[in-house]
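A.B. asks: Next come the chains, spelled out residue by residue.
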Amino acid sequence: MDLKKFYKEQRAQEWRADIRKDIKTKERVSMTRTKMLEQDPNIRNKNGLEVNLGLTEKLAMEEARRCIDCPDPTCISGCPVNIYIPKFIKKIEIGDFLGAARIIKETNSLPAVCGRVCPQEKQCEANCFYTIKLGQPPVAIGFLERFAADYEQNSGKMAVPDIAESNGIKVAAVGSGPASLAWATDMARLGYDVTVFEALHEIGGVLKYGIPDFRLPNSVVDVEIDNLRTMGVKFVTNFVVGRTASIDDLREQGFEAFFVASGAGLPRFMNIPGENFNGIFSSNEFLTRINLMGAAKEDYDTPVSLGKNIAVIGGGNTAMDSVRMSKRLGAERAMIVYRRTRAEMPARLEEVQHAIEEEIEFLNLTSPIEYLANEKGKVTHMILQKMELGEPDDSGRRRPIPIEGSEYKVPVDVVIVAVGVSPNPLIPASVKGLKTTKWGTIIVNDDFQTSIEDIFAGGDIVRGGATVILAMGDGRDAATGMDEYIQNKIKK
Amino acid sequence: MNNIVSKEHFSENVVKLVVHAPEIAKSRKPGHFVMIKIGKKGERIPLTIAGADIKAGTIDLVIQIVGVTSHKLTALNVGDEITDLAGPLGQATHIEKVGTVLAAGGGVGTAPLLPIVEGFKKAGNRVITVLAARNKDLLILEDQIRKYSDEVIIMTDDGSYGTKGLVTHGMEEVIKREKVDLAITIGPAVMMKFAALTTKKFNIKTLASLNTIMVDGTGMCGACRITVGGKTKFVCVDGPEFDAHQVDFDEMLMRLSAYREEEAVAYEKHMASL
Ligand SMILES: Cc1cc2nc3c(=O)[nH]c(=O)nc-3n(C[C@H](O)[C@H](O)[C@H](O)COP(=O)(O)OP(=O)(O)OC[C@H]3O[C@@H](n4cnc5c(N)ncnc54)[C@H](O)[C@@H]3O)c2cc1C
Ligand SMILES: Cc1cc2nc3c(=O)[nH]c(=O)nc-3n(C[C@H](O)[C@H](O)[C@H](O)COP(=O)(O)OP(=O)(O)OC[C@H]3O[C@@H](n4cnc5c(N)ncnc54)[C@H](O)[C@@H]3O)c2cc1C
Ligand code: SF4
Ligand code: SF4
Ligand code: FES
Chain A
95 MDLKKFYKEQ
105 RAQEWRADIR
115 KDIKTKERVS
125 MTRTKMLEQD
135 PNIRNKNGLE
145 VNLGLTEKLA
155 MEEARRCIDC
165 PDPTCISGCP
175 VNIYIPKFIK
185 KIEIGDFLGA
195 ARIIKETNSL
205 PAVCGRVCPQ
215 EKQCEANCFY
225 TIKLGQPPVA
235 IGFLERFAAD
245 YEQNSGKMAV
255 PDIAESNGIK
265 VAAVGSGPAS
275 LAWATDMARL
285 GYDVTVFEAL
295 HEIGGVLKYG
305 IPDFRLPNSV
315 VDVEIDNLRT
325 MGVKFVTNFV
335 VGRTASIDDL
345 REQGFEAFFV
355 ASGAGLPRFM
365 NIPGENFNGI
375 FSSNEFLTRI
385 NLMGAAKEDY
395 DTPVSLGKNI
405 AVIGGGNTAM
415 DSVRMSKRLG
425 AERAMIVYRR
435 TRAEMPARLE
445 EVQHAIEEEI
455 EFLNLTSPIE
465 YLANEKGKVT
475 HMILQKMELG
485 EPDDSGRRRP
495 IPIEGSEYKV
505 PVDVVIVAVG
515 VSPNPLIPAS
525 VKGLKTTKWG
535 TIIVNDDFQT
545 SIEDIFAGGD
555 IVRGGATVIL
565 AMGDGRDAAT
575 GMDEYIQNKI
585 KK
Chain B
615 MNNIVSKEHF
625 SENVVKLVVH
635 APEIAKSRKP
645 GHFVMIKIGK
655 KGERIPLTIA
665 GADIKAGTID
675 LVIQIVGVTS
685 HKLTALNVGD
695 EITDLAGPLG
705 QATHIEKVGT
715 VLAAGGGVGT
725 APLLPIVEGF
735 KKAGNRVITV
745 LAARNKDLLI
755 LEDQIRKYSD
765 EVIIMTDDGS
775 YGTKGLVTHG
785 MEEVIKREKV
795 DLAITIGPAV
805 MMKFAALTTK
815 KFNIKTLASL
825 NTIMVDGTGM
835 CGACRITVGG
845 KTKFVCVDGP
855 EFDAHQVDFD
865 EMLMRLSAYR
875 EEEAVAYEKH
885 MASL
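First to last, the sequence lines map onto chains A and B.
Going by this note's numbering, the letters in the first sequence line up with residues 95 to 586, in that order.
Going by this note's numbering, the letters in the second sequence line up with residues 615 to 888, in that order.
Just so you know, the hints here were simulated from the structure itself, not pulled from any lab data.
Nothing here was measured: the structure is a model prediction, and the numbers come from that model.
Which bits of chain B does chain A cover? Going by a derived footprint, with three or more residues having C-beta under 8 Å, they are: (1) 650-656; (2) 830-844; (3) 858-869; (4) 876-887.
Glycine included, C-beta positions come from ideal geometry on N, C-alpha and C.
Could you put together the complete structure from these sequences and hints?
C.D. replies: Laid out in structure tokens, this is it:
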């Protein structure tokens, strides 16, 4: 059905028309945006607990009143999975929180995750009527989404989606990140026999080994994974597809189609002198040691280097997570070294703001050119060079240009390199005939089908480094594509 | 379930475990390794697959006790389960007929060397193996190595068995005597460094299997990175074998010491807690 018509009909329903009558639009737009309840910056930068505490029922209902239930809800077009935003917000306004969660879950199987980590200021909230027409702070869609999802998780009344009768057809995913979890939800709903293979010993991909607990507690992810288990999805850990068994082997075991969501896990380095000294990590190594291996906790076996002066190179989410983690682990001076300015930082706005509140130091318009070490090979200093911004480059951001002669030395105990990741080459290298781009990402068509008909792919392995919600959107679209492919094959 | 099927002490500090892992047994090749983790709070460590029995669905691991995890692993008994075991990982050894192969193993490096020696022998090469150990008691797998070698030279630091001297002495003896087409070395980093210097003098292509520190073993973290021919490589996905003449062994030695103090403290604590 025509979406516009659908939204119009839905909006005309009595309960929504009634709410709109309750409060005048003029009054709604004069209310101020709710603030997230947060731990105090000077306390949270010493503990590992979640920074955002969530909204109370009262605050959520107040914020919900700001949404004017637009006839043409532009916010939806900003959401990669097209959550029916005004409808769930109006459910919150009338206090039907479980109803709100149900609406979100029609299109987003991990709302508790997305409400926390989506770059809302570039997506749904960027397209809110308040932002584009009124020039005012947008409705806090992300906060409200998180509220509804948390309410549902805490209620003990998690809705397990309706599942079609089992069709006995075996399908498998490679990797267990958000792309795969979204794909598995939809395939299980459609009645498939779903198995997810994961190379590591934990399920969740970057949600577990990358994003720290202070932003996304593991327990929030685990609830969703348990939910998938209840739906019959099988998870196999310590299984490296292409190694433990090949896709061919799995075909022989009766799997009819595959969804490759192996992520963009390979860390990039800058290839500058001294980068292999001890005390210099990729952000993946640093965060994995801490998040996945418990390195900073007493009685876990994995070690990690820490120190007084910690520098993180980069300006994305990974850099913010690493620097804020360093601060929490006792760094006196935790620094971001970024070659552009704050305006160009790719990290979520909220993370940059939180980092500033937590007394993270920002050395913007600078870049390391060399590291120095002591006689044992442990890093002691970085040499930084100042930069200025020139003409915009391919990415549309202004290109940093080094200023000759501006070099200076800064003492460091630990350096964390967070300058980007490359696609994981394991699957492309182990499957003959699988077409990739020159960057190593897997090529797919509109149905997320690869050059091999029974292999679909999505998430970071297709996009390069992207976002949780884009990965999930891919997972859902790939599920639709795969279902169509399998059903057509059966008909033939 | 990755249960331990049998356990044998080669020496006080070297233990062989046969572990149930049917899928890995089937897909592994010489040169491959696995990642192992014991218990929820354990650390992930890499171990070479020293052999496999596809029919029985088992793989062999030969472990030298150096710290907490190797101690925990070798303290397990027949029937116990290894919580996490993933593999096979790394690039397999490129085995072909080249002529004469000189294999040099030091300490527990003899274990990963065994499947490689076997592979080259079965591919029709003349295989001469030099095994080195500090003393007679630390020498492992001699009989198995003999089975697949045309000749075995044994070197011990103290002369308690074979010839007194270092692995490089045994290697030079062979190189001076006959034409060697390929050399392979596996052992402590220092040993491999000197083995590589030895063959370099004679311009013999040499492979070294590197045992760097690893975390994930799948290319995701970069903990295992080293410099080969001036470029940074990840041992877990690009290796573990590299052209020994291109490897920066000094850098590797330096990186291996990254957690030496923490590890020593942890080991003392672990032993005290038993
Ligand atoms: C520190 C950090 C912070 C981030 N913060 C945000 C944020 O705030 N908001 C946001 O939207 N995005 C964020 N991102 C990006 C986001 O996490 C990713 O875009 C997203 O996780 C990609 O999902 P995916 O399912 O494609 O892959 P991943 O989450 O990368 O999962 C891939 C999984 O596949 C496994 N795997 C790989 N190869 C194999 C194989 N051969 N066999 C079996 N398993 C295999 C891997 O071990 C991994 O678990 C962040 C990323 C990082 C690293
Ligand atoms: C590809 C690969 C294959 C390997 N195969 C085997 C094998 O078949 N059998 C075997 O016994 N070991 C093997 N190793 C080495 C093994 O992984 C380490 O001995 C192990 O990680 C030590 O863990 P631990 O907790 O017991 O000791 P730790 O507490 O981690 O270390 C104790 C001491 O050993 C040193 N050390 C740590 N890691 C290494 C290392 N990788 N090499 C040398 N010294 C190290 C430390 O500096 C420290 O002084 C392999 C390593 C790699 C990378
Ligand atoms: S999923 Fe992300 S983009 Fe979509 S509504 Fe929720 S927070 Fe916004
Ligand atoms: S655009 Fe903003 S105000 Fe309009 S429906 Fe969406 S959230 Fe509500
Ligand atoms: S061990 Fe992590 S990349 Fe090699």
